[in-house]
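Chemist: Work out the full structure: start from the sequences and follow the hints.
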Amino acid sequence: MIEEVATTAEGDLVINIGPQHPSTHGVLHLVVTLKGETIRKVEPHLGYIHRSIEKMCESLTYRQFIYVTSRMDYLSAHINNHGCAMCVEKGLQLEVPARAQVIRVLMDELTRIASHELWWGALSMDLGAFTPFFHAFRERETINDIMEETCGARLTMNYMVPGGVMYDLHPDFQRRVKEFLKLYKLKIGEYDDLITGNVIFQNRMKSVGILSKEDAISYGCSGPVARGSGVSCDIRKLYPYEVYDKVSFDEVLETNGDSFSRYLVRLREMNQSIRIVEQLIDNIPEGEFQAKTKAVLKLPKGEFYTRVETARGELGIYIVSEGGTTPYRIKFRSPGFSNLSALDHMVRGSKIGDLVATMGTLDLVIPDIDR
Amino acid sequence: MQQEALKAIIMELFPAITFEEGGEWLTMQIAPADWKPFAKILRNAKGLECDYLFCLTCIDWKTHLTMVYHLTSTIHRHSFVVKAKLDRNTPEIETVCDIWRTAEFHEREVYELFGVKFLNHPDLRRLILTDDFEGFPLRKDFEDPVNMIRL
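Chains G and B, in that order, are what the protein sequence lines are. Going by numbering that gives the first Met the number 0, the first sequence runs without a break in its numbering and finishes at 370. Going by numbering that gives the first Met the number 0, the second sequence runs without a break in its numbering and finishes at 150.
Since the hints were made in silico from the structure, they are not lab data. Only a predicted model underlies this, so the values are computations on that prediction, with no experimental measurement involved. There may be inaccurate statements among the hints.
Derived lysine-lysine pairs resembling DSS-like cross-links, with alpha carbons at most 30 Å apart [claimed, not checked]:
no. : chain 1 : residue 1 : chain 2 : residue 2
1   : G       : K181      : G       : K293
2   : B       : K6        : G       : K236
3   : B       : K116      : B       : K139
4   : B       : K39       : G       : K212
5   : B       : K6        : G       : K293
Modeler: See below:
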């Protein structure tokens, strides 16, 4: 949607993309300066969905603030909650029961698959292919149904609490996940057949939106965006939490740094998540699903920082406590914010048609950027 | 052990620094005027090479503001926290966006939410709030007239 056409002093065309544009997947506003069809500059304007979650959290207790974080990166709601619960546990020096740890990792990985499914469908749609969207949603729905059965919600789960998880697993959970795995393995091949080998798709993705390894590090990129440029940054491998050091999976790395590399990283990451789920689904230990905690949680005076790997990259939770029942200051280092900062650098000099393809492979979730 | 070794390297390169005890990572306090030269040392000195700025934020302590920089090295895998105490009425510090490019965005966020002025920043404009917004929302004395949550 072009809202207004203006030119700069040099005669460059300035157009607004968004805030309500289908390919920005949310309310992202880009001011693009063009010389003909070539991009001179991209300036993101944020804040259309800024709720100041950090300020809100300052007046919520350590139990309450976790629910707000589901609304940041709503596609990795479980992982956001997980990180916050872990940060509170770090402050309380609380040991999480083995059963809860495994449940948490299972839920995280299912979330990651569901999130990448949505990304895959949406990216294909950005590039003009509509069918993949339905394929992706068919599998995603199955995961959402499994989540709903156990957590009671499909998107903002709020299932992780300090000390473990809120409820025990639904009795059908294991059976349904195994059914899903069986179905998924039949379908994952279709993804490659449908899109990956397609000539038009490859031409639009290869050598587009290149991000070098040095730039990826300098721009603070994380997750599949950085791994597509060959930066080893998987928090699950580097700083393992819960049971990630006990399961075997590979960190997916690509070295080309173009859109196609980022595409391949995410696609292969889904397979790795499946591997983790397969290893854990039959090995959920018996026992408590939640540690005993006091009704009112008080963190000791100090600073606590945890890092978790969400579907989009590294989420950091920084709590500054003054010893009370609410955080004094809380900062969410969201992966999307840093990844977006590299967009301008990535698309400068390329054609405007490639902007959408590049943005699609950044996998931006706007509430995560705005917070 | 590793922390002690890093401490020694830093002490040698930049003596005007104080270390904070406790915390997961090596935490340092620095005067705002020393930040830029120190940042360059952290980024380039052999054995330190902190090339990844993963978190940049500010804390309002009511009497003063504190800038907090979380840095890590993708080569050596060690992390540092650097803090700089700023005056609350005229908070000013040098930008580091020429050292770590991601700082450009993060500094703009801190600029509008806390009112910290980053000297020599190439493009210090508002990123999130509207141009006519008054006040600095993440400061402790800020009260939103409409949507304030009080418990």
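Chemist: Is B/K6 within 30 Å of G/K236, Cα to Cα?
Modeler: This hinted pair holds, its Cα atoms lying about 26 Å apart.
Chemist: Is the straight-line distance between the alpha-carbon of B/K6 and that of G/K293 30 Å or less?
Modeler: Status violated; Cα separation ~38 Å.
Chemist: Starting from G/K181, check that the Cα of G/K293 is at most 30 Å away, please.
Modeler: Measuring from Cα to Cα gives roughly 41 Å; hence the hint is violated.
Chemist: What's the verdict on B/K39 and G/K212, does the C-alpha distance respect the 30 Å limit or exceed it?
Modeler: holds (20 Å)
Chemist: Between B/K116 and B/K139, does the CA-CA distance stay at or below 30 Å?
Modeler: holds (18 Å)
Consistency note: the structure conflicts with the earlier hints numbered 1 and 5.
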